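Model the full assembly from the supplied sequences, consistent with the hints where possible.
If you count by this note's numbering, then the sequence shown holds residues 1 to 65, one letter each, in order.
Just to be clear, a hint being listed does not mean it is correct.
Listed below are the simulated DSS-like cross-link pairs for lysine-lysine, each with C-alpha atoms no more than 27 Å apart in a straight line [claimed, not checked]:
#, residue 1, residue 2
1, 51, 9
2, 31, 9
3, 51, 31
Pair ranges (Cβ atoms, derived) [unchecked claim]:
#, residue 1, residue 2, range
4, 2, 28, 28 to 36 Å
5, 5, 60, 15 to 23 Å
6, 29, 2, 19 to 27 Å
7, 2, 59, 12 to 20 Å
8, 2, 61, 25 to 33 Å
9, 54, 6, 15 to 23 Å
10, 50, 24, 30 to 38 Å
11, 30, 2, 17 to 25 Å
It should be emphasised that the hints constitute simulated quantities derived from the structure, not laboratory data.
Being a predicted model, the structure only gives us computed values, none of them experimental.
Virtual Cβ for every residue (Gly too), placed ideally from N, Cα, C.
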Amino acid sequence: MSEPILLTKREAAHLARVSERTLDRLVASGKFPAPIRIGTQCRWERTGLMKWLYDGAPAVNGGRR
1 MSEPILLTKR EAAHLARVSE RTLDRLVASG KFPAPIRIGT QCRWERTGLM KWLYDGAPAV
61 NGGRR
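Pasting the structure below:
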């Protein structure tokens, strides 16, 4: 089965090896890529998230590291 293009919060947190609550905090502080909103749903693009992790998880949106 192929990998999904868009990840749920649970999948994104698992990929980043953090809890869903920590993922929420990181997004709010600008240290994690913001999700794509589809209605009330939040999703993360797999390729973008993988690139962000490969680049060393740099702060985004002016967040501090």
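Verification of the supplied hints:
Restraint check for residue 51 and residue 9: satisfied, since their Cα atoms lie roughly 17 Å apart, inside the 27 Å limit. For the given pair, residue 31 sits about 15 Å from residue 9 by alpha-carbon distance, which is consistent with the 27 Å threshold. This hinted pair checks out: residue 51 and residue 31 have alpha carbons roughly 14 Å apart, not beyond 27 Å. The hinted range of 28 to 36 Å is satisfied by residue 2 and residue 28, whose Cβ atoms lie roughly 31 Å apart.
The hint said 15 to 23 Å for the Cβ distance between residue 5 and residue 60, and at roughly 20 Å that hint holds. For the pair residue 29 and residue 2, the beta carbons lie near 33 Å from each other, so the given range of 19 to 27 Å is not met. Checked against the given bound of 12 to 20 Å, the beta carbons of residue 2 and residue 59, roughly 31 Å apart, lie outside it. At roughly 31 Å, the beta carbons of residue 2 and residue 61 sit within the given window of 25 to 33 Å.
One distance hint, 15 to 23 Å for the beta-carbon pair residue 54 and residue 6, holds here, with the actual separation near 19 Å. Against the hinted window of 30 to 38 Å, the Cβ-Cβ separation of residue 50 and residue 24 comes to about 20 Å, which falls outside the hint. For the pair residue 30 and residue 2, the supplied restraint of 17 to 25 Å is violated, since their beta-carbon distance comes to about 31 Å.
Consistency with the previously given hints fails for numbers 6, 7, 10, 11, ordered from lowest to highest.
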